[in-house]
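Chains as they are written, first to last, in the numbering used here: chain E, 1 to 605; chain G, 1 to 106.
None of these hints come from the bench; they were simulated from the model. Everything numeric in this text was worked out from a predicted model, so none of it was measured. Treat the hints with care, since some could be wrong.
[As the list claims (entries may be wrong)] Below, a list of computed lysine-lysine pairs in the PhoX-like style, where the Cα atoms sit at most 25 Å apart:
#1 E/Lys240 x G/Lys19
#2 E/Lys549 x E/Lys589
#3 E/Lys549 x E/Lys559
#4 E/Lys548 x E/Lys599
#5 E/Lys157 x E/Lys285
#6 E/Lys240 x E/Lys204
#7 E/Lys204 x E/Lys23
#8 E/Lys280 x G/Lys19
#9 E/Lys395 x E/Lys137
#10 G/Lys24 x G/Lys2
#11 E/Lys204 x E/Lys126
#12 E/Lys280 x E/Lys369
#13 G/Lys19 x E/Lys583
#14 E/Lys568 x G/Lys19
#15 E/Lys568 x G/Lys4
Chain by chain, the residues run as shown.
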Amino acid sequence: MVRGFAGENLRVNLSTGEIKKEKINEKWARLFIGGRGYGSKMICDEVDPTIDSLAPGNKVIIATGPTGGSNAPASGRTMVITKGAETGAIACSNVGGFLGPELKRAGYDMVIIEGKAEKPVYLWIKDGNIEVRDARKLWGKKTIDVEQGMRQETDPKAEVMNIGLAGVKLSRIACVMFDAYRAAGRSGVGTVLGSKNFLGIAVKGTKKVEAFDPVETKEAVAQARELLRKSKITRKNLPKYGTAIMVNIINERGGYPVRNAQDAYDADAGVTGGEEIADKILIKKWPCAACPIACGRVTEIREGKYKGQYGQGPEYETTWALGLMCGVHDLNAITYAHYLCDEYGLDGISAGVTIACAMELYEKGFIPKKEAPFPMNFGGGDTLVKMVQIMGERKGIVGNLLAEGSYRLAEHYGHPELSMSSKRLEMPAYDPRAMKGIGLNYATSNRGACHVRGYTISQEVIESPYLVDRLIYVGKAELTKYMQDFTAVIDSSGMCLFTVFGLEYIRAYGSILRAVTGLPYSDDELMKAGERIYNLERLFNLKAGLTKKDDTLPPRLLKEPIPSGPSKGEVCELDRMLPQYYKLRGWDKEGVPTKETLKELGLKM
Amino acid sequence: MKVKVRFFATFRELFGAEKEVELKSGSTIRDLLNLLCDSRRRRREIFDRSGRLQPYVKILKNGRSIQSLEETRIELEGRHIQFSGGIHTELEDGDVVAIFPPVGGG
């Protein structure tokens, strides 16, 4: 029997109240690893890709990986997989915290949520006891209050995931918050839970998850931890400054999108970066389960209008999206806006990029002054905070549209080209004009513009494990495909992507996975599994109606040269990279996997 | 000539955040680093014992990594791409040099 897995999945039908336990399929564990891969296989088999994301027929899978609950470094990751409410594409949001390993200790690898409850409910899992409980008292409250409420009603030490007001109000950019501050953020996965009248899960487990070979597991884990200790990134700078250390790194290269990507450099961007966060607001670091890195930031605003507010963050993505992307330099306002996103359960990247889009629409006169609740110019910290509030509460005409995400907002006002998104998902904090590989990755990522599906920044900027020139587009198809397949393996293992800065190659992940599961897959076979997972997700999207036309970027990033800074004059040459990428993937000119490719991967159309 | 030097992350504690440095014309990145490393601690952080740049030190000249700027010049699809020479990269008046320890995330 395959080990590392808890052994069973829990299936909860909210329409009928039926609860089932199902054994883990060993063949799938070998072909799709677990986590993202295994969960996506279930979504692809069980959900009609053409269905409305918010229909009861859509399902949500909360999936852990086989390394979860072991001592493998940063192995507490969980994936939330569904058909995304914002994108209509397959969605899988990766999140940290402690719930995943706890779920495995309760005896389950995955929870499948299907149907729709008549009234708001949440799920209470205590080992073998499963209860669907009334959630009306907690429905629509702040995520932190929901978490505390669920703990009071269940067990003070239960691990909790929940949606806040944004999910309840079916904002298309709603996330699921784990441990109150960790977000399964992207693609509107919280929205789908909201549409099912499902508030969240509380879980407490007392069992032990057994590895196939405890001695070998210990050794492989020790080796991986040693690699992370040796890396100056994971031992020193990431823990000390958090992910926002990237602000200066990217800005100094002229790849930091400013004011809805109208520029890609700001001389004063550093005031929103990791060094300033460490100096001005940091209280302490916060690690997820089994993590030796601890990039999480516990913070408190110490001066100004928002003095005394506390929470976690901001991180690199949110200090950018809610910061320079909106022209805002005020770190206190950015931090408070980040806290609000966490409380409402809004995806911080999508929230910031949507606000930036609204600011440009407003400044260009496309949002009529009479519709705007207040002046919405770039640069105002208080404006930013007020915009997050009307977005979270869906207040007024503009607030209601902000909650729909940037694409629907910009389309409503007749200018979808001003939405900095791909497949309707807002782009993250790397300008593809200054780092060409990440542009190809945004365009071809199965969940829309996402950096962590194929983090080419590792090679294009961080030089981990080697350097590739960021401004050259030749060779980026190979790099993008490699990183996408590799990432699919890491995401499916249950380990955090950040471990890659120390572990660097597949070898370390392979050693841990083999020792934990007992499955004899080689490193090459694992990379092939990554490719299989990527193609599987692609097939879902094609069946959902997405085409080659959706593998693109906003026209601004393709045609408008960066006006200033170190990458002045650059555009993203996507048209030069995409055909090469399709060819490498074994897809035809329309971006459809060929019969031979599917056969090689063991997939069917 | 004058060049602006910016330090980030842990290097800030050692060198400060930003400096303007006066150099002789024709100076290279190495000359600049020699000038900046005026104590044993600073030197040890930037150079190894045999005087080579520590492999983890990341240096940008006007936003381009000097490590990627090896001494080659190629023409790619009609476009000239110049790689100007690692640590021997020459500096010009008004250049901005950014110096980072290894960092990642985000």
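Status of each hint after checking the structure:
no.	hint	in the structure
1	E/Lys240 x G/Lys19	holds (23 Å)
2	E/Lys549 x E/Lys589	holds (12 Å)
3	E/Lys549 x E/Lys559	holds (16 Å)
4	E/Lys548 x E/Lys599	holds (22 Å)
5	E/Lys157 x E/Lys285	holds (21 Å)
6	E/Lys240 x E/Lys204	violated (32 Å)
7	E/Lys204 x E/Lys23	holds (20 Å)
8	E/Lys280 x G/Lys19	holds (22 Å)
9	E/Lys395 x E/Lys137	holds (22 Å)
10	G/Lys24 x G/Lys2	holds (9 Å)
11	E/Lys204 x E/Lys126	holds (5 Å)
12	E/Lys280 x E/Lys369	violated (37 Å)
13	G/Lys19 x E/Lys583	violated (48 Å)
14	E/Lys568 x G/Lys19	holds (24 Å)
15	E/Lys568 x G/Lys4	holds (19 Å)
The structure does not agree with the numbered hints 6, 12, 13 stated previously, though it agrees with the rest.
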